[in-house]
Amino acid sequence: MNRFPIWKYALIALCVFVAFVYTVPNFYGESPAVQISSGKATIKVDAALLEKVEDALKAAGVTYTAALLDPNSVRVRFSDTDTQLKAKDLIDKAVNPDPNNPSYIVALNLLSSSPNWLTVIGALPMYLGLDLRGGVHFLLQVDMEGAITKRLESLAGDLRSQFREKRIRHGGIQREGQTLRIRFRDAAERDRARAYILSQFPDLAVVERDDGQSLQLVASLKPQALKRTQEYALKQNITTLHNRINELGVAEPIIQQQGADRVVVQLPGVQDTAKAKDILGRTASLEVRMVDEDKMNAENLARAKAGSPPFGDEYYVERNGAPLLVKKQVVLTGDRLTDAQPGFDSQTNEPAVHLTLDSAGARIFRDVTRENVGKRMAILLIEKGKAEVITAPVIRSEIGGGRVQISGRMSTTEANDIALLLRAGSLAAPMEIVEERTVGPSLGRENIQKGFDATSWGFFAIVIFMSAYYLLFGVISSIALACNLLFLIALLSLLQATLTLPGIAAIALTLGMAIDANVLINERIREELRGGATPQASIAAGYERAWGTILDSNITSLIAGIALLTFGQGPVRGFAVVHCLGILTSMFSAVTLSRGIVNVVYGHRRRVAKLSIGNTAWK
Amino acid sequence: MEFFKIRRVIPFMRFALAFNVISIITFIAAVAFIAIRGLNFSIEFTGGTLMEVTFAQSANVETIRSTLEKAGYKAEVQNFGSSRDVLIRMPIEKDQSSAALSQRIGELLRANDKSAEIRRVEFVGPQIGEELAEYGALALLVTAVGIIAYLALRFEWKFGLAAIIANLHDVIIIVGFFAAFQWEFSLPVLAAVLAILGYSVNESVVVFDRVRENFRKLRRASVTEVIDSAITANISRTIITHGSTQIMALTMLVFGGPALHFFALALTIGILFGIYSSVFVASPLLMWLRVSRAQFVRERKSRRDENEGAVV
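Protein sequence lines correspond, in order, to chains A and B.
Per the numbering used here, residue 51 is the first one in the first sequence, and the count goes up by one each step.
Per the numbering used here, residue 81 is the first one in the second sequence, and the count goes up by one each step.
Quick caveat, the hints were computed from the structure, so don't treat them as lab data.
One should not assume that every hint holds.
To be verified - Computed footprint of chain B on chain A; a stretch qualifies when at least three of its residues, placed anywhere within it, have a C-beta under 8 Å from a C-beta of chain B:
id : region
1  : 125–138
2  : 487–499
3  : 532–541
4  : 590–602
5  : 605–612
6  : 619–629
Glycine included, every Cβ here is placed at the ideal spot set by N, Cα and C.
So here's chain B without its partners, still in its complex pose:
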């Protein structure tokens, strides 16, 4: 079986300009969404109390909300997974110990419906929320810097820069989606975003590796041709690998239940846009940064120079 019988090199770079324009537009759109609508942070970042309650029959979100309001609690109530599960979110209340809080809420709910069962309670104080947000940002920064450093070592700083710009573009797009649809942005989602950053760069590295090899192999080809042939040669591997990772993300979406739902979503978006960014963003960036054969063929040249002055 072979899906990718590609006999000729596909001239990807011809459309480099068009791709870059699309990238810039999507990037700006993502940033706009993040700035205007903001992210729907989970309580891990904002602090507050979260309770997951399950009932024997379908729960009426409205009645629960009004019951809590009458008792003086500002709560956000929504369905979660099945219609019998309810998620209750409450912002931080001063002078309220969380034990007392979850007991009280449990009693209130049980007064209406005896089958109410508290499955999970999470309480995060405000300091912890701030700290987790800080750590998340730090992790992102450290990852980006680490990757640039590593790629600068293995290839050349231009590659490192191109890879990071392309893949941060990925990350912003994922976050943009979360802002646009107001999906819950929790710690596992942040973990998924970081994993995708690593994975995307992974992708770019495979292409760059091939570019480097091609520079050495294809003596007379221009930079554009070198890049094009690198991408073409890797197309089948790109699609298959992304496909298999996507299969895993898909099974998580289907079987993972509500806990892993947003995590799997972040992964899916990351995988799809990963292909896009590595092929259509990183490579054109390489072109614009004027990557040239000269960097890779230095050794040969110097050896020839040595021999030229020899007197025979």
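Just chain A, same shape as in the assembly:
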């Protein structure tokens, strides 16, 4: 009765082994590394970069222990800090030919030293939260109302100028809160206006209103348009933040949307909060200028590249490497651009980007295109005072009403990217810091040490007590507890769940609570023995009777854990995650694993005279 089928023993052993493999990376420590990430919004990190870096290192005879490619960066590991520093300079020169205009950011970093084969199967060390690593955490709130107000104001401007052109007479357009109120003197004009708005402004919903004094139209953004404005405001800001943060050369920044109007920014290892905040506040800007095709001949281009472009022009290189001469005169600035969407050319079905300009922008643009159909225009993104050509398309046509289509020589991915870049360059909605946490690295290390100490001392105390009190069964319970810890750490490493200081406290708490199951089982076995049952029967009855109680009590703790998980934020979330996982692993290890060991020890013996479970005679 105290025997498991072989497959069960095998399963348990397999679980322990797998857990061991996934826990091991946590003990490897860290080695110095260099991280190369993209320094410009227009440049991506790919396998070609990895190759370039590796070649550069090999050519210089610098040995590296590993080179990895992630979606966002290339990381190279070295055996010591001297090699790391030498390599950093080398790589910097190799990937950034122009030190004043770096395409890539090369930063020092610490990487886990676990061997490659572990990393490949997904065995990584636990992901440490900021309170254990040190760094900065910001929560930014986007002023959604501000974004909508801005949109309405620009729509109001558009309406005014377009009504003027179409000669629709009105008595004034005012923004009131989140609506636009347009006054009219007679119903005929109002109807014309209404028809016009419905056809040309699909985002607006119009309602007629009469307040005795004048006939009015009240226009507001349709719910979908409202939602879209808010989403775009948020996404624009996130893109802008991405670009800004790359500048800081932070190793693993986290920038995520949280809820409908907030952004979380986490910068591990950053100390200088003031600089971080300053950089987060800036935005890039856009400029539209004409390409000086008349002067673009081989001679001028060669001279321009050398540093002296023709008078009134500037030299730029397109993303695909083609050289350009762009006139210095700015035709249009980014704040005239209200939207940019990827799409398809209506005539040729090529990928294209559809731009929406506000009315002033549209007017300027119309003048420019009238004279320049078939010519090329350049759209530049200006960051940190340096400009870069995003795209230099041929002007094809104007769809009308401030909508412009740029196409030619772009794939759908490029169209997407360009649209995103253009939106990032235009004005983002204002943002405000609503929460900030900064932890210095020394504090982070201290926290880890303290958490570790508390957990280990507690663990040893419990093990000593259990072994003394329940003898062999106590030792088995302790082994089960150790495996519980192993499973928990393996799960946390596998899931890459964030470990915080309260999380470490949760590990300690879980160990204290997990031993409960084994105490229940052992006490039950003792009781059965006292009642006169045979040793084998006592073991079986003990485990069976205790299981129902263990299940009930763990589920109630789990309910509390899940409630915390749902409603908790930040470090407390870390606590809840560990708590819940710990309960699950404890059920497995305390019951199944310990039963497995007990079965191996006692189950296969013919006759068992006495169980080593302590004093049951009560003499």
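The hints should help you fit chain B onto chain A, whose structure is shown.
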């Protein structure tokens, strides 16, 4: 080794009335403290700025406070952990970006003592504080409801009710302690309170399980005897489990440093009162709610009824 050689059933329920009176008194005392002195909420709930600064030598709290006051900042300064660490708390100031604030304060302090090092800064805007408080309350509510529902399913609604009342009593006592001593009530403390709620109910469940088993086993015993024997049988397990959890809480108190200090305190109080509430509060409540054998022995009865009408 066996600490608990208990040969006879200990008549706990005889003292049920006395226990209930004590519970009510402690409960009222806790509520009074909470109402009158209020809780010392951390900035996570109130909003504001918190800075942890460390110096090379012992820091003089008074000089720091007056330096800040002269510069126009209302600050609460206290020692934290060692005498060289100082915690500075400032309420929300309008039009003050927290970056600028922490820079300024850093400069002011460094003017007096060059070794001042800012180890940690926390800034919470007022909205976030409100939200966190709301979420905390919600988490508590959801946990309570979830537990009642689960216990009603597994046992019977009377058990669910008795367990929750007894364990909320626990929670109020912990919060009462925090109000009485004005210990800082932060998010991790709330997490500890919720964990204790789960853990305490855990405790009550073990006793109830035994009660249910006893109802089926001990045919002729009265309700009181059934409950008494359930508690007695579990005494050793109760003490040992609470003991081991307490060992963990103790090591946290000793080694965990100031960050985990209040968390560990909340745990300790919860564990100690947990024993009290499960044995001396939940079980008498069961008695008062007139839990009876009938609920558990229903199946047997109906089978006998079927046979009675049979014609042989």
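Verification of the hints:
{"no.": "1", "hint": "125–138", "verdict": "violated (count 0)"}
{"no.": "2", "hint": "487–499", "verdict": "holds (count 8)"}
{"no.": "3", "hint": "532–541", "verdict": "violated (count 0)"}
{"no.": "4", "hint": "590–602", "verdict": "holds (count 4)"}
{"no.": "5", "hint": "605–612", "verdict": "holds (count 8)"}
{"no.": "6", "hint": "619–629", "verdict": "holds (count 7)"}
Comparing the model with each numbered hint stated earlier shows that hints 1 and 3 do not hold.
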